[in-house]
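Protein chains in written order, with this note's numbering: chain D, 28 to 244; chain B, 28 to 244.
Rather than coming from a laboratory, the hints here were simulated on the basis of the structure.
Misleading hints may appear alongside valid ones.
Which copy is meant is left open, so a pair is good if it fits within one copy or across any two.
With a straight-line cut-off of 25 Å between C-alpha atoms, the simulated BS3-like cross-links for lysine-lysine are [as the list claims (entries may be wrong)]:
(1) 29 / 129
(2) 105 / 33
(3) 105 / 129
(4) 156 / 33
2 protein chains.
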Amino acid sequence: MKQISKADLENLPSRQRANLVNSISGYKSANLIGTISPEGTTNLAIFNSVFHLGSNPPLLGFILRPLSEERHTYNNLKAISSYTINAITQDMYRDAHHTSAKYPENVSEFSATSLEESFKNGFPAPFVKQSPVQIGCRYVNEYPIVENGCILVVGAVENIYVVPSLLHHDHWAQLDRANIMSVIGLDGYALPHLEDRLGYARPNQTQNSILDGPQEN
Amino acid sequence: MKQISKADLENLPSRQRANLVNSISGYKSANLIGTISPEGTTNLAIFNSVFHLGSNPPLLGFILRPLSEERHTYNNLKAISSYTINAITQDMYRDAHHTSAKYPENVSEFSATSLEESFKNGFPAPFVKQSPVQIGCRYVNEYPIVENGCILVVGAVENIYVVPSLLHHDHWAQLDRANIMSVIGLDGYALPHLEDRLGYARPNQTQNSILDGPQEN
Chain D
28 MKQISKADLE
38 NLPSRQRANL
48 VNSISGYKSA
58 NLIGTISPEG
68 TTNLAIFNSV
78 FHLGSNPPLL
88 GFILRPLSEE
98 RHTYNNLKAI
108 SSYTINAITQ
118 DMYRDAHHTS
128 AKYPENVSEF
138 SATSLEESFK
148 NGFPAPFVKQ
158 SPVQIGCRYV
168 NEYPIVENGC
178 ILVVGAVENI
188 YVVPSLLHHD
198 HWAQLDRANI
208 MSVIGLDGYA
218 LPHLEDRLGY
228 ARPNQTQNSI
238 LDGPQEN
Chain B
28 MKQISKADLE
38 NLPSRQRANL
48 VNSISGYKSA
58 NLIGTISPEG
68 TTNLAIFNSV
78 FHLGSNPPLL
88 GFILRPLSEE
98 RHTYNNLKAI
108 SSYTINAITQ
118 DMYRDAHHTS
128 AKYPENVSEF
138 SATSLEESFK
148 NGFPAPFVKQ
158 SPVQIGCRYV
168 NEYPIVENGC
178 ILVVGAVENI
188 YVVPSLLHHD
198 HWAQLDRANI
208 MSVIGLDGYA
218 LPHLEDRLGY
228 ARPNQTQNSI
238 LDGPQEN
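In isolation and in its complexed conformation, chain D is listed as follows (with noise of 0.2 Å):
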């Protein structure tokens, strides 16, 4: 093994501890979440650090960088209390990169992209027409990380959309029958297969795959 200290990490030039910090605590989810200015600008940035946060009630979090420069998506989300969690697939992954690109506010990804906007049901923030999974939410909280100025945004879940092919009948969501892709690090882009499911662990039983048997509820 490769040890690589907390001096070795202070020495590396920032852009290589970055890519290192970035991709060894696992896989990340995928997903872009779109937004609407109060002057109606769309806009749609991709973000790696979406996650589950509680299903009762159903909350999702994710983290926004310091707000040192400007940061569009939590201006609008702040103003219209509204955006939307939208999955990014095989057939989308460099449009999704590509919305990190540096556009100024008055131009939407959506116009600089193929990604579509969708309106659905009154909700204020547009969804993303191509996304098997998109999920509407509403801003709940915000909770500022006093180590390095980041922000976790706290949102609760009003409306999902999904391919129906994803659900299993116990509601599981399968994402790789829509080939739902997860991120290494700032920018690699990675396709998962599902190997399996397990049922709920007990101490001193083997466990066993519930893929294809009888799902425990």
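For this one, chain D is given, so just place chain B on it according to the hints.
Coordinates of chain B only, in the frame set by chain D:
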């Protein structure tokens, strides 16, 4: 698209709501957190909520469920201010999942599985010997999530042990070279395969692959 509204979510049986909300936010990281009690009993627990929080300083976060039931990992990491984060591979996922079984406090999950503990260079918490990425962390802070009683634990990266073949020359770690897994929901184990790595995005430029070409640093 199938629509699942907030009211539909509320009406789902809790286990099904958990399956759905846990899976729709995308692929999760797959890690084992290793700790040791002041009495010397090691503990190993699977977490799929470890995420990158910052690289300068290098910080990782993870979400702990509410402390309403006994949390050995939390008690230990508070007591000794140290813990390890260890990647889960295709060879390890059944044992890793099994660490979620409720063993009593005086039974180490290392003894209940074939996962082996490894103490290195005086670091107080145990690493998982089989893991291709092993990270020693120091407890830094915690943020109580008032919406549901969960806790965001923030740790500083003190030491990284990594199989050298994962590292590109710019310190980006290609996780699929060691068959590191990712998780869907609470119990689905997927094996990702790297498809592409993309260059820094600039307005009005096509996204180029940097997998085999020059790296931008």
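Hint-by-hint comparison with the structure:
no.	hint	in the structure
1	29 / 129	neither (36 Å within a copy, 34 Å between copies)
2	105 / 33	between (37 Å within a copy, 21 Å between copies)
3	105 / 129	within (20 Å within a copy, 41 Å between copies)
4	156 / 33	between (44 Å within a copy, 20 Å between copies)
Violation of the numbered hints given earlier is confined to hint 1; every other hint is satisfied by the structure.
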